[in-house]
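Protein sequence lines, in the order shown, are assigned to chains A, B and C.
In this text, residue positions in the first sequence follow the numbering used here: the first is 12, and each later residue adds one.
In this text, residue positions in the second sequence follow the numbering used here: the first is 24, and each later residue adds one.
In this text, residue positions in the third sequence follow the numbering used here: the first is 144, and each later residue adds one.
Honestly, the hints are just simulated from the structure, not real lab data.
Ideal Cβ positions, reconstructed from N, Cα and C, are used throughout, including at glycine.
A hint or two may mislead.
[Said to hold, decoys possible] To give an idea of the interface, some chain B residues facing chain A are shown, with a C-beta separation under 10 Å as derived from the structure: (1) PRO97; (2) ILE101; (3) GLY124; (4) PRO149; (5) THR155; (6) ILE159; (7) GLU167; (8) VAL169; (9) PHE276; (10) PHE285; (11) ILE287.
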Amino acid sequence: MAAPTTVAHGTERIAQELKRPYVLVLVLLAIVTVAEVQVPTLGRNLDFTTTLQASLLMTSSVVKASLVALYYMHLRYEPRLLSLLPVGPLVFVLLLVVTVMSH
Amino acid sequence: MAEAHAEAHEVHHRSIWPLTVALAGGFGFGGLATQMWPLVVIGIVLLGVGVGGFLWQDARGISFAVKQAAEEKPFVGISVRKLGMWIFIVSEIFFFTGLIGAGLALRVRAPFWPNPASSDFPLNVPLTAVNTFILIASSFTMAEAVHAAHLGKEKHMKVFLLATLILGTTFVSIQAIEYFKIFLEENLTPWPNPIRPELGSFGSAFYTQTGFHGAHVTGGLFGLAFLSVKALRGRAWPSRAETVEIVGLYWHFVDVVWIFLFPIMYLIGR
Amino acid sequence: MAYPTVVKVREEAALEARTWREVAYHWMTTTNHKEIGILYIVFSFTFFVLAGLLAMFIRAELATPGPTILDESRYAQFFSTHGTSMIFLFIIPVFVGFANYFVPPLIGAKDMAFPRINALGFWMLLPAAAMIWIGQADVGWTGYAPLTNRIYTPGSGVDLWLAGLIMVGTSSILGGVNFLVTIFKLRRPGLTFWKMPLFVWAMMATSVMVVMATPVLAGALTLAFLDRNIGTCFFLTTGACAAHSPGNPGDPILWQHLFWFYSHPAVYIMVLPAMGVVNEVIPKMVRKPLYGYKAMALALFGIALIGFLVWVHHMFTTGLSLTARAPFMFATMAVAIPTGVKIFNWLATIWRGSINFRTPLLFAVGFIALFTIGGITGVYQASIPVDYKLQESYWVVAHLHYVLFGGSVMGLFAAAYFWFPTITGRMYNERLGQIHFLATLVGMNLTFFPMHFIGLSGMLRRTFDYTNEIAFWPELGPLNLLSSIGAFLLGASQLIFFYNVIVSRYKGKPAPADPWA
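With the sequences and hints as input, model every part of the structure.
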């Protein structure tokens, strides 16, 4: 009984697999990384504060991590609930980091 | 009663390997704690034997996960093993939160933190930027390998698995070379040293975080090596595509950790 | 929510025919969730006895002021190993054991999701326990920095303690992942979340906490281990860290943050399964459906969620800013809301039920009463100004024992009696069970209630000798003696339990199909 659904699910998956923009994601990741590396020098020349540099870099990191999670780890193609598993606990991650940094 | 017995036997295969791996942990950690290095060696050997035993049993059809014919919502279609890996990744997120959070706590309280834009920054940013790209590229090849495995494209899968293995090994090697260089030439040590005393906190944070990340990458390399060897010898099994996918999930996770670690250690200064 | 009335399949005849080698091999290689559950339970109760013996030594020492039977360092080792063992080698694994045995049948699964990982989780506890007991660290169960640094605690005792706890943590994480996957994936078709037994809900909430909190402890232990052995400066402010790296020292408060980020949720990791047990025992024993099923399930997750937002209340006196402390104070007080919902619903379930006053129900009701005391003293202590007075005093010892003995252990005994017929196929001795309950109830209150007053008088926890204090507060003498007498009663009464369990295991009456009819 379970077998046919698994097979259907499998073909559906493969169809999705064909459309996956892996190369595009790689290019985006590379571009963002190149941009990231420029931040310290740019920051010095343009007098960016450390906080601003850190915010820029953390934002770009979140973008990169999301790209990897969504496309390479397939979260975009999985049931929404699966994304909740790694994303939900990030609230506590943030809370812990903010607390140890600010106490 | 005989029926119950037969069913019990079908479900419950015996395994000595859990005990072996646990003993490996005992010898390894016990040896580290008491600084009795022969015990650590025994631990490593037992770990190899135990994990090998697990995989050997797996190859003989005794899966890590129990089989269930029908399932209930909400995770229909996501296999037991894959869900297990995702939840394990959640726990790993928290492990690295502890380590990275500790580094950040040191940073905000340290009177000095090196700036990547200044000439005395101990780390090699360009080299590691290249290395970062190598790890990201290995994530790409891994995704392609998973893709090929699901489509049953044997040759593609082999090529991309090997590519991932090579890129990953390159990453760890470059990291190791950089460790040697900064340790010997830049005097960046995990403990505070008299030559560059201002780097005490930075050294502790840097080596701990990148070290544990490197250890995780190395663990992933063993998984990749296992899959590559199996693929090269032409061994296929029904759930292979899924196994490749699960190793891939772990590999991408390690990549995500590096995506955060790289700017934190190499690009954000003061 | 029908309870699986398991009629025990007897393998005794087959087992008796085997040689001891075959029996040993059988248990060493098992991947059966029930057998692993029994291994967990036997292991945990062994450490209940061992750590309980240490408690007897501690109370014997404190019965009178001045050094009597122990010296200071031995005393420190004993209370440290007592705390570590009771938490990590007894309460946490014993519920994992019961859950191993009962979660799969309750959700209609053949086994846990990963049977061999399940066995690995158990076996890792053995070397871990050996390390903790060989190490005999003397840093308390909290191992506060910088005391754990080699400068202050030379030798390998603390190293073994750290390494042992890393292994316990790994075992917990493996178990947590396993339970979550089992509960998410292996429910029989038709058994939706809202139809699951509440014990399963409790294990789900517990496992969520284990998976998210334990790795942070593992990280913190690792950092402490590196501080000791590599010379990193995470938690150390003195020694080489200060000498070579002026102004760059570590941060002992950081250890407390990381430690309590795990160890406060750990309290709920120990209490939620007990609540789950009480959720199962009470409806069965009062022959009435549970009042407010959904509220109970949500309350379990409410406690788990808020449990992650309160850890700083262990650190109110460390000089954090008020803005950092106040939210944690309110969050701590808010834990009382879902807990109150549960207590109200249990009472509402008992109300006008046809009450079957047998041992499991006695312990379940004992749980409600004693846990309420422990909970209320916790809310009281959550107030920052009050905490300044109570921090590190014997009041805290009283509070935590009301939560962990009055809560977790009473719930555990409820589980042990309630499921004894299912596990062994035999009945325990009801009269001995009731005597055990009475003696435990009296012994427990006699031991721990005076500690509230001892703490309010100003005696600090971990005190070895209170000769100086007694000069100012003469009431410390009789109160401590009373507490020690209670402790010996409590210790002795557990012998009744072990006698009952062991004898009934072999000679008890065969259990009827429904033991609680």
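Q. If you take the shortest Cβ to Cβ gap from PRO97(B) to chain A, is it below 10 Å?
A. holds, 5 Å
Q) Are GLU167(B) and chain A close enough, Cβ to Cβ, to be under 10 Å, as the hint says? A) At about 6 Å, which falls below the 10 Å cut-off, the nearest Cβ of chain A leaves the hint on GLU167(B) intact, so it holds.
Q.
Would the hint on PHE276(B) be counted as holding, given a Cβ-Cβ threshold of 10 Å to chain A?
A. holds, 8 Å
Q | Given hint GLY124(B) near chain A, where the shortest CB pair must fall under 10 Å | A | Since the shortest Cβ distance to chain A is 5 Å, the answer is holds.
Q) Can THR155(B) be said to touch chain A, with a Cβ gap under 10 Å? A) Holds, about 6 Å.
(Q) So, as I understand it, the hint says PHE285(B) touches chain A; can you test that by seeing if any CB pair is closer than 10 Å? (A) At about 8 Å, which falls below the 10 Å cut-off, the nearest Cβ of chain A leaves the hint on PHE285(B) intact, so it holds.
Q: Answer holds if the nearest beta-carbon of chain A is closer than 10 Å to that of VAL169(B); otherwise answer violated.
A: Check passed: Cβ of VAL169(B) comes within 8 Å of chain A, closer than 10 Å.
(Q) Let's test the interface hint: is any C-beta of chain A closer than 10 Å to that of ILE101(B)? (A) holds, 6 Å
Q: Please verify that hint: PRO149(B), Cβ, nearest Cβ of chain A, below 10 Å or not.
A: Status holds, d = 8 Å.
Q: Return the status of the interface hint for ILE159(B): holds when the least beta-carbon distance to chain A is below 10 Å, violated otherwise.
A: holds, 5 Å
**Q.** Hint validity - ILE287(B) Cβ closer than 10 Å to any chain A Cβ
**A.** holds, 8 Å
The structure shown violates none of the earlier numbered hints.
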